[in-house]
Amino acid sequence: MITLDPSILNRVMKPARYTGNEWNSIKKDHTKVAVTVALALPDVYEVGMSNLGLKILYQILNNRTDTAAERVYSPWVDMEAEMRANHIPLYTLESLKPVVEFDVLGISLQYEMSYSNVLNMLDLAGIPLLTSNREENHPIIVGGGPCTFNAEPAADFFDCFILGEGEEVIEDVVDVVAVWKQSGKIDGRLGVLKKLAQVEGVYVPSLYNVTYHADGTVEKVVPNCKEASPILRKRVVKDLNAVEFATKPVLPYLDIVHDRIMLELFRGCTRGCRFCQAGVLYRPVRERTPETLLKIAKELVDSTGYSEISLTSLSSADYSCLPVVVQSLIDELKEQGVSISLPSLRIDSFSIELAQKLQQVRKSGLTFAPEAGTQRLRDVINKGVTEKNLEDAVSAAFKAGWSTVKLYFMMGLPTETDEDVLGIAKLAYRVLELYKEITGRRGAKVTISVACFVPKPHTPFQWFGQDMAAEFERKQRLLKEKLRDRNISFNWHDARTSFLEGAFARGDRRLGQVLLTAWQNGAKFDGWSEHFKYNTWIEAFETAGIDPHFYATRERSQEEVMPWDHLSSGASKEFLQREYKQAINEALTSDCRREECSACGVCPELDVKVIDWGKQA
Amino acid sequence: MGKLRLEITKGEEIRYISHLDYASAIERAVIRSKMPAAYSEGFNPHMKLSFASALAVGVTSQAEYMDIEFKEDMDLKQAIQRLAAVLPPGIKINSGKYVPANAPALMALVNLATYDVVVPVGKVEDTTAFEESIRRFNQTEEVLYIRETPKGRKEIEVKQYMDQDIKLIPQEEGIKLVIDSKITPTGSIKPGEILDILVTMFNLAVDKDKALINRTGLYVVTNGKRLKPIDL
Chain A
784 MITLDPSILN
794 RVMKPARYTG
804 NEWNSIKKDH
814 TKVAVTVALA
824 LPDVYEVGMS
834 NLGLKILYQI
844 LNNRTDTAAE
854 RVYSPWVDME
864 AEMRANHIPL
874 YTLESLKPVV
884 EFDVLGISLQ
894 YEMSYSNVLN
904 MLDLAGIPLL
914 TSNREENHPI
924 IVGGGPCTFN
934 AEPAADFFDC
944 FILGEGEEVI
954 EDVVDVVAVW
964 KQSGKIDGRL
974 GVLKKLAQVE
984 GVYVPSLYNV
994 TYHADGTVEK
1004 VVPNCKEASP
1014 ILRKRVVKDL
1024 NAVEFATKPV
1034 LPYLDIVHDR
1044 IMLELFRGCT
1054 RGCRFCQAGV
1064 LYRPVRERTP
1074 ETLLKIAKEL
1084 VDSTGYSEIS
1094 LTSLSSADYS
1104 CLPVVVQSLI
1114 DELKEQGVSI
1124 SLPSLRIDSF
1134 SIELAQKLQQ
1144 VRKSGLTFAP
1154 EAGTQRLRDV
1164 INKGVTEKNL
1174 EDAVSAAFKA
1184 GWSTVKLYFM
1194 MGLPTETDED
1204 VLGIAKLAYR
1214 VLELYKEITG
1224 RRGAKVTISV
1234 ACFVPKPHTP
1244 FQWFGQDMAA
1254 EFERKQRLLK
1264 EKLRDRNISF
1274 NWHDARTSFL
1284 EGAFARGDRR
1294 LGQVLLTAWQ
1304 NGAKFDGWSE
1314 HFKYNTWIEA
1324 FETAGIDPHF
1334 YATRERSQEE
1344 VMPWDHLSSG
1354 ASKEFLQREY
1364 KQAINEALTS
1374 DCRREECSAC
1384 GVCPELDVKV
1394 IDWGKQA
Chain B
-4 MGKLRLEITK
6 GEEIRYISHL
16 DYASAIERAV
26 IRSKMPAAYS
36 EGFNPHMKLS
46 FASALAVGVT
56 SQAEYMDIEF
66 KEDMDLKQAI
76 QRLAAVLPPG
86 IKINSGKYVP
96 ANAPALMALV
106 NLATYDVVVP
116 VGKVEDTTAF
126 EESIRRFNQT
136 EEVLYIRETP
146 KGRKEIEVKQ
156 YMDQDIKLIP
166 QEEGIKLVID
176 SKITPTGSIK
186 PGEILDILVT
196 MFNLAVDKDK
206 ALINRTGLYV
216 VTNGKRLKPI
226 DL
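Residue numbers (the numbering used here), protein chains in the order written: chain A, 784 to 1400; chain B, -4 to 227.
In isolation and in its complexed conformation, chain A is listed as follows (with noise of 0.2 Å):
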């Protein structure tokens, strides 16, 4: 166990980061449980413990009775100094116990930009950061969540990656952890390795090979063991109804990002917005039925005593019985002060009239995201929305007395010209315009944030060359020039972030290399811009002699090997082209979840099928 020296808890800020203690944590005896596992996400506490996805393994692990679940998040620089002055090793906020002696350590990969943080603290830990340099004592490192599905970048740090949702298959690879480890850890830590890979949706990075053609893309990635199987399937939960929630998360004493109760409606989107990943990866749309909601509702809000619940999903206002479950949960839960919150709107009035009814307080903020300035290029991206649905819910906004609006959108996305940028900033006036319209005067506020776009893996956009930095910086230019309204508030992401997400998101194994020299140079936490430093990566691409235009702004054809083509979301590669087709014809397709299939094959992939309790009734 560690001791924390209080002179280093005085001086560094935020202390309760790294003390632990809080209310649901869970602490058992190590010596009487079979596996230990340590939860990471590479980033700094509040962001960490506001992911939902550990806070459900950490419930499903510590179920067990032969399990041990804690967790561990990246210390922030100034507790980092602390930790490497004082010899201060990684260790987990329940036991206080180095990372280094868990069996398992689980790191949840949310974006690119967290990588040199996931080098960082295997480094603390003191753990080896190449897998080929660990030893049969030392953790199994696992990856989790949506990166995994292009981790190719960080596959030399990781022994393996769990692809798709981690209800059931954890438990899986607690199992195979807990076999091997009862029979003496036979055939060492490749026997282990062998029989994780056998597991459905583990994949071993280190038993494929990976060769390459003369121009540098991908020739084909093969196993090398009859273990490894050439395709990987993501694990999918077929029924959300049958499976544990995160019904006592640990409580923080902190302000955490997401400080409030989440309640995931259902998961998946089959919107099938085509620049959007999750839609795919996360597909098919599974509810949960409302009783299980006003259920895990009223478990959470006696086991946490948060007074506010988040209605979670990639579009929770399509969730099919939403006023219904409004109703129940504001019926059952008003008593206990307990307030409801939709993070995000649909661009409909429809949702301006929830928005009301959940009389959400500050009435200072609705969020919409055209994702586009133009009709046109809106339906490149197959975002179902029209200038009148956007007009129609903001008049609905502003009817029922909220005059701030935020829009978000995107630039460079695919066919993009100057005509689309500029139409961000029509739509922004057209905004303000309308206020005056209904209300008779000035006054609205309309905040435009405009992200990079960053073509994804297993998205139709997967073959489209990422606009240039120069390029993304000269339409921020142009549109900045257009904003000069004192009511409208103009943000736009950092160009050369994206570019580097851009580069790591397609990126293939040549680029462990690239990460490995920028951490040794002092890159990490790279999503804080006040930490990103955008020339340590450039200099590790030069000292790699690798260009990161060839991942990141390259347009590529479509019989390219991509290097995450034998990780399967479900979605096949032909409707993925299909998509790109229909996207270069600026033609819709419908969303299955009420209307025609657009076969994308993950239902018959995957047996598994959609569940919309609207559809089904």
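A portion of the hints provided could be inaccurate.
To give an idea of the chain A side of the interface with chain B (calculated C-beta under 8 Å), a few residues [claimed, not checked]:
1) Asn804
2) Leu1034
3) Gly1088
4) Tyr1089
5) Glu1091
6) Ser1093
7) Gln1119
8) Trp1311
In silico lysine-lysine, DSBU-like type, Cα no more than 35 Å apart, as pairs [to be verified]:
9) B/Lys162 x A/Lys797
10) A/Lys1081 x B/Lys87
11) A/Lys1228 x B/Lys146
12) A/Lys1263 x B/Lys146
13) A/Lys1140 x B/Lys66
14) B/Lys118 x A/Lys797
15) B/Lys146 x A/Lys1189
16) A/Lys880 x B/Lys185
17) A/Lys810 x B/Lys171
18) A/Lys1081 x B/Lys146
19) B/Lys87 x A/Lys811
20) B/Lys29 x A/Lys1117
21) A/Lys815 x B/Lys66
22) B/Lys87 x A/Lys1078
23) A/Lys1263 x A/Lys1316
24) A/Lys1316 x B/Lys146
25) A/Lys1219 x B/Lys205
26) A/Lys1081 x B/Lys92
27) B/Lys205 x A/Lys810
28) B/Lys162 x A/Lys1078
29) B/Lys72 x A/Lys1263
Which bits of chain A does chain B cover? Going by a derived footprint, with three or more residues having C-beta under 8 Å, they are [unchecked claim]:
30) 1074 to 1087
31) 1257 to 1263
Calculated from the structure, these hints are not laboratory results.
Glycine residues also receive a C-beta, built at the ideal position from the N, C-alpha and C atoms.
Mind docking chain B on chain A? Use the hints.
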């Protein structure tokens, strides 16, 4: 119906949480207890919960005080039991009683805080130098200290807040300072600040970051008599 007044602790387990975090931890425990807490009126209602005095990050306490109001009568013993069952580690209820609904707020009553500040200094052979620092502080009429906060710098006179001379008690491997400081309508001084002053201005040779500070009591002093808010 009155307010429930509780004497509670902030233990070692939660030494490093802030006062706001401490307050919200209790508020969430009240919700978990399902007791009928009263809320303020208005658009953004909040639980009618109030504390005597904020406690800094890194400081424990063996006696904090809070008042809570309920919508309906709650049996004293039952209320204490129900809340105690859902309090996080480090928060314990020492005692409780009902005070009249119109009783003055704790914040307005409490005017003295006492602290033990324990600083490890290794094996103590000779405490003369430490004693000398404390003696000089105690005898100085006026001590000016620059308080730096995110809001800016402010010069304050420290001695006006000292209720008693600081006492030094040698420990096995360190020293303990007993500090009694006044809480006044115009301000107060924190024990961490006093330690900072002793180190930087009175040559107290200790590593102040290593200090473990514990609030030993909060009092209402009237006519020189110290009373706990729970004994009023």
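Are the Cα positions of B/Lys162 and A/Lys1078 separated by 35 Å at most? 57 Å, violated
Interface hint compliance - A/Asn804 to chain B, C-beta minimum distance less than 8 Å: 4 Å, holds
Check the hint pairing B/Lys162 with A/Lys797 against an upper bound of 35 Å on the C-alpha distance. 31 Å, holds
For the hint on A/Tyr1089, just tell me whether its beta-carbon gets within less than 8 Å of chain B. 7 Å, holds
Take the shortest C-beta to C-beta distance between A/Ser1093 and chain B; is it under 8 Å? 16 Å, violated
Can the restraint linking A/Lys1263 and B/Lys146 be considered satisfied, given a maximum Cα separation of 35 Å? 33 Å, holds
Do the numbers back the hint for A/Leu1034, that is, is its least Cβ distance to chain B under 8 Å? 7 Å, holds
Hint consistency between A/Lys880 and B/Lys185 [alpha-carbon to alpha-carbon, up to 35 Å]: 34 Å, holds
Is A/Lys1263 within 35 Å of A/Lys1316, Cα to Cα? Holds. A/Lys1263 to A/Lys1316 sits at ~25 Å (cutoff 35 Å).
Pair hint outcome, A/Lys815 versus B/Lys66 [Cα-Cα no greater than 35 Å]: 46 Å, violated
Hold the hint about A/Glu1091 up to the distance rule: shortest CB distance to chain B must be less than 8 Å. 11 Å, violated
Can the hint on A/Gln1119 be confirmed by a CB-to-CB distance to chain B that is less than 8 Å? 6 Å, holds
Going down the numbered hints, you'll see the structure goes against 5, 6, 8, 18, 21, 25, 28, 29 and 31, while the others check out.
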